[in-house]
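So the sequence shown is numbered by the working numbering: it starts at 1 and just counts up by one.
No lab work stands behind these hints: they were computed from the structure.
Note that beta-carbon positions come from the ideal geometry of N, C-alpha and C, so glycine has one too.
Some clues are possibly wrong.
[What the hints assert, rightly or not] Under the rule of at most 35 Å between Cα atoms (straight-line distance), these lysine-lysine pairs were calculated in the DSBU-like manner:
id, residue 1, residue 2
1, 126, 33
2, 31, 266
3, 174, 394
4, 335, 93
5, 346, 396
6, 137, 346
7, 174, 346
8, 396, 581
9, 205, 385
10, 354, 167
11, 632, 12
12, 274, 210
13, 174, 31
14, 381, 262
15, 136, 126
16, 169, 401
17, 15, 131
18, 33, 93
19, 307, 282
20, 93, 637
21, 210, 282
22, 219, 381
23, 262, 131
24, 219, 207
[As the list claims (entries may be wrong)] What follows is a list of derived Cβ distance ranges for each label pair:
id, residue 1, residue 2, range
25, 633, 432, 33 to 39 Å
26, 257, 286, 22 to 28 Å
27, 417, 96, 21 to 27 Å
28, 218, 582, 57 to 63 Å
29, 719, 637, 54 to 60 Å
30, 6, 307, 53 to 59 Å
31, 166, 134, 14 to 20 Å
32, 217, 385, 20 to 26 Å
33, 95, 132, 31 to 37 Å
34, 637, 389, 57 to 63 Å
35, 132, 286, 23 to 29 Å
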Amino acid sequence: MMGYELIPAELKQLKQWVCWQAVPDESRPGKMKKMPINAMTGGGAQSNNPDTWCDFDTAVGCSQYYSGIGFMFANGYFGVDIDNVQDEIEDYKTGGNGNIVAEFIHSLQSYSEYSQSGNGIHIICKGSLPKTGRRKKNVEMYSEGRFFIMTGNICSEYADINHGTEKIKYLHEKYIGSGSAPTTGIIRTIPLNLSEAEVLQLAEKSKQGKVFSDLYAGKWDTYFTSQSEADMSFCNMLAFWCRCDEAFMDQIFRSSGLMRDKWDRKQNGSTYGKITLHKAVKQCNAIYEPHQNYTVSIGMKKPEPKKIYTFDDTGNAQRMYDLFGASIRYSYTDKTWMYYDGRRWKVDDTGETKRMVDEMLDFMKSPEQMILYSEDEERLKEYRKHIKTSRSSKAKTAALKEVEHFVPVLHSELDTHISLFNTVNGIVNLRTGELCSHDPNQFITKIGLAEFTEKIDCPIWNQFLNDIFHHDKELIRFIQKAIGYSLTGSTVEQCAFFCYGTGRNGKSTFLDTISHMMGDYAVNIQPETLMIKKQSGGANSDIARLKGARFVTSVEPNDGMRLDEGLLKQLTGGDRVTARKLYGNEFEFSPEFKLWMGTNHKPIIRGTDIGIWRRIMLIPFTATIPDETIDKNLKYKLRQELPAILNWAVEGCLMWYREGLKMPTSVQQATNRYKSEMDVISYFLDACCDDCGEIQASQLYRAYKEWAKENGEYDGMSNTRFGREISNQFQKIRKKDGQYYMGVSLKKKHIPYNISIV
Numbered sequence: 001m002m003g004y005e006l007i008p009a010e011l012k013q014l015k016q017w018v019c020w021q022a023v024p025d026e027s028r029p030g031k032m033k034k035m036p037i038n039a040m041t042g043g044g045a046q047s048n049n050p051d052t053w054c055d056f057d058t059a060v061g062c063s064q065y066y067s068g069i070g071f072m073f074a075n076g077y078f079g080v081d082i083d084n085v086q087d088e089i090e091d092y093k094t095g096g097n098g099n100i101v102a103e104f105i106h107s108l109q110s111y112s113e114y115s116q117s118g119n120g121i122h123i124i125c126k127g128s129l130p131k132t133g134r135r136k137k138n139v140e141m142y143s144e145g146r147f148f149i150m151t152g153n154i155c156s157e158y159a160d161i162n163h164g165t166e167k168i169k170y171l172h173e174k175y176i177g178s179g180s181a182p183t184t185g186i187i188r189t190i191p192l193n194l195s196e197a198e199v200l201q202l203a204e205k206s207k208q209g210k211v212f213s214d215l216y217a218g219k220w221d222t223y224f225t226s227q228s229e230a231d232m233s234f235c236n237m238l239a240f241w242c243r244c245d246e247a248f249m250d251q252i253f254r255s256s257g258l259m260r261d262k263w264d265r266k267q268n269g270s271t272y273g274k275i276t277l278h279k280a281v282k283q284c285n286a287i288y289e290p291h292q293n294y295t296v297s298i299g300m301k302k303p304e305p306k307k308i309y310t311f312d313d314t315g316n317a318q319r320m321y322d323l324f325g326a327s328i329r330y331s332y333t334d335k336t337w338m339y340y341d342g343r344r345w346k347v348d349d350t351g352e353t354k355r356m357v358d359e360m361l362d363f364m365k366s367p368e369q370m371i372l373y374s375e376d377e378e379r380l381k382e383y384r385k386h387i388k389t390s391r392s393s394k395a396k397t398a399a400l401k402e403v404e405h406f407v408p409v410l411h412s413e414l415d416t417h418i419s420l421f422n423t424v425n426g427i428v429n430l431r432t433g434e435l436c437s438h439d440p441n442q443f444i445t446k447i448g449l450a451e452f453t454e455k456i457d458c459p460i461w462n463q464f465l466n467d468i469f470h471h472d473k474e475l476i477r478f479i480q481k482a483i484g485y486s487l488t489g490s491t492v493e494q495c496a497f498f499c500y501g502t503g504r505n506g507k508s509t510f511l512d513t514i515s516h517m518m519g520d521y522a523v524n525i526q527p528e529t530l531m532i533k534k535q536s537g538g539a540n541s542d543i544a545r546l547k548g549a550r551f552v553t554s555v556e557p558n559d560g561m562r563l564d565e566g567l568l569k570q571l572t573g574g575d576r577v578t579a580r581k582l583y584g585n586e587f588e589f590s591p592e593f594k595l596w597m598g599t600n601h602k603p604i605i606r607g608t609d610i611g612i613w614r615r616i617m618l619i620p621f622t623a624t625i626p627d628e629t630i631d632k633n634l635k636y637k638l639r640q641e642l643p644a645i646l647n648w649a650v651e652g653c654l655m656w657y658r659e660g661l662k663m664p665t666s667v668q669q670a671t672n673r674y675k676s677e678m679d680v681i682s683y684f685l686d687a688c689c690d691d692c693g694e695i696q697a698s699q700l701y702r703a704y705k706e707w708a709k710e711n712g713e714y715d716g717m718s719n720t721r722f723g724r725e726i727s728n729q730f731q732k733i734r735k736k737d738g739q740y741y742m743g744v745s746l747k748k749k750h751i752p753y754n755i756s757i758v
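Between the sequences and the hints, there should be enough to build the whole structure, so can you do that?
The structure is reproduced here in structure tokens:
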């Protein structure tokens, strides 16, 4: 039963299970196919015969004799199968959200698992699918007549079977489609007491009468690139004039010059003609009323005045703006396009804006646009020529270039609401804990990977925290508030969290789980970014990635690396930072993130001032998880609890707003020990000096350099800085032969350091 324990209990309770066996596919020599097996008889199972299905336990028990188990779709469940997406899966596993795998998983928010080949995913939901279209390219959707091979190899944090009827509509339209977007037009038939001749006479006298007459006569090539487009346009007109009476519409169409054999061709259980008529009726939102004058607007949902655009790049840009302006923005700073995906603004690294240009060009060919220019034949020819010219790559690029100044966006306009946290099902107000709808006007570019629900029970997470923190309730409460604080964009605490401990103590799992929950809000940076560098350049491109981030992790700096204390103060102190993305311009931003460093080696800190040490919070990870108790699936189990962990974090945020962080005893003690370990001058004074007498300043500095070099502590501390640190502890006076420190002297026994003393 390897892996099957993670299959949702809801599915296990259904009697819709089979086994399966790989057998040669006779229709494809050399290929194998997956045959469903009746676990009770060993014969073939049938997708339309529930008598050949069995319960979960029976299927699992018999699976040892076959290739595995499968789930038959029926009774209000549907499945999505996405195949041959190896690269997208790898991107998804490393936190990428701009791929088809992440899009389906986070949109449907239901149980998901990797396919048997490992090159695809399966998602199972409750509900129903749109009526048309079940497969296109590598995406398939089924609610009956098919089965899924089940692996139990989960690939998301969604552990339950959730409803997906509404959520699947957009994905179905985008990846499979039915030829047109869903409409809510008039679908009823309203009798019309007019003859065919009277309807033709009325239509030909309307403002679009010439187009109607030409189409009725079969003269379509002036207006459209294909007769199918003309058929659809003419039927749209007929739906209006015939008051959605499909029989009457069919009668007039058959008498027109557009009639051809294709009209009665079998198609999808119907005919081409019936499908076209029904589609026209569904799209119709206005019908002819006697004794009123009408202008026919084909295929448009709203009787708005029609806008005429110039036949050049500027006209195309204006058209692009009118169609998609609310959903796109251009950053002159980063030289990149952004688009709103329904939940957040994304950098367009997949060509979405270019696809919008293609959609605009398709719209330009639509009947409702063609008719705008139909009264002037020369003007219509000019328009058709412009469409053809606009389809070139150069023209598309020019149109996009022109749109840029219509929709500019600045870094300062993005992610400005520090008390809001975006999730897959809405925006959480962190001050109140309330969920509100996604809103493009908030200009949020980040999104967490967990949905926000009322579920707050996360037993595995709570047990994990107890295990790694030795049931220290004070420390665990602090951790909850610290993670809650990290949900926000506030940096009022001006601190960084160092998670320190040797191996097998849970800190990596802890940071990985929170990072996954945070989604786009989490960023990992190389430890070298935060350490002293031999050479420093201009604006840092690694720092530029931190704009808008809230949870920044860095792991395992090399032993002996020294922290860039000035940079840490800048990043945690609320000061504006200058950064530059690769090939972009420099920009400034105020950091919103909290730094969480997980390490087995404490980075070297040479500063002793309160300005650096008040920022450090060293969290001790002192537990050691025995090998025999390590749960290799713990990471995946915790991901199933992410919605509950998010609620735990939001509760922590509300606690933080009320109480502040309040460093617990264990963190305070660990941080103080860390500070003592880093105070090299105190080490030197304790080891080599007495707190009496006096010594010349230059002699004490030479003695310090020798001691530091011998003990591996010498780091180039200047005489000036050394003098400043010593002067904070001892009185300094001037004598004839130089500066002296009072109340300190070298111990006589430390001969190597007792330099030039007579």
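Going down the list of hints, with the structure as the test:
1. 126 x 33: 27 Å, holds
2. 31 x 266: The given pair, whose Cα atoms are some 32 Å apart, holds under the 35 Å limit.
3. 174 x 394: Holds, at roughly 26 Å.
4. 335 x 93: 28 Å, holds
5. 346 x 396: Distance of about 21 Å is within 35 Å: holds.
6. 137 x 346: Roughly 25 Å separates the two Cα atoms, so the pair holds.
7. 174 x 346: Given that 35 Å is the threshold and the Cα spacing comes to 18 Å, the pair holds.
8. 396 x 581: Given pair residue 396, residue 581 holds - Cα atoms ~26 Å apart, limit 35 Å.
9. 205 x 385: 29 Å, holds
10. 354 x 167: Measuring from Cα to Cα gives roughly 25 Å; hence the hint holds.
11. 632 x 12: Measuring from Cα to Cα gives roughly 24 Å; hence the hint holds.
12. 274 x 210: At roughly 26 Å apart (the allowed maximum being 35 Å), residue 210 and residue 274 satisfy the hint.
13. 174 x 31: Given pair residue 174, residue 31 holds - Cα atoms ~31 Å apart, limit 35 Å.
14. 381 x 262: 28 Å, holds
15. 136 x 126: 22 Å, holds
16. 169 x 401: It holds: about 33 Å lies between the C-alpha atoms, which stays within 35 Å.
17. 15 x 131: 25 Å, holds
18. 33 x 93: Distance of about 28 Å is within 35 Å: holds.
19. 307 x 282: With Cα atoms ~25 Å apart, residue 307 and residue 282 stay inside 35 Å; holds.
20. 93 x 637: Cα-Cα ~16 Å, so holds.
21. 210 x 282: Since the Cα atoms of residue 210 and residue 282 sit roughly 25 Å apart, the hinted pair holds (cutoff 35 Å).
22. 219 x 381: 15 Å, holds
23. 262 x 131: Holds, because 24 Å separates the two Cα atoms, which is no more than 35 Å.
24. 219 x 207: 18 Å, holds
25. 633 x 432: 33 to 39 Å: 36 Å, holds
26. 257 x 286: 22 to 28 Å: 26 Å, holds
27. 417 x 96: 21 to 27 Å: For residue 96 against residue 417, whose Cβ atoms are near 25 Å apart, the range 21 to 27 Å holds.
28. 218 x 582: 57 to 63 Å: Because 58 Å falls inside the window, the suggested range holds.
29. 719 x 637: 54 to 60 Å: Taking Cβ atoms as reference, residue 719 and residue 637 lie about 57 Å apart, which means the hint holds.
30. 6 x 307: 53 to 59 Å: Given a distance of about 55 Å, which is inside 53 to 59 Å, the answer is holds.
31. 166 x 134: 14 to 20 Å: Cβ of residue 166 to Cβ of residue 134: about 19 Å, so the range 14 to 20 Å holds.
32. 217 x 385: 20 to 26 Å: 24 Å, holds
33. 95 x 132: 31 to 37 Å: Cβ of residue 95 to Cβ of residue 132: about 35 Å, so the range 31 to 37 Å holds.
34. 637 x 389: 57 to 63 Å: 58 Å Cβ-Cβ, so the 57 to 63 Å window holds.
35. 132 x 286: 23 to 29 Å: At roughly 25 Å between Cβ atoms, residue 286 and residue 132 fall inside 23 to 29 Å, so the hint holds.
Hint check: no violations occur; every hint is consistent with the structure.
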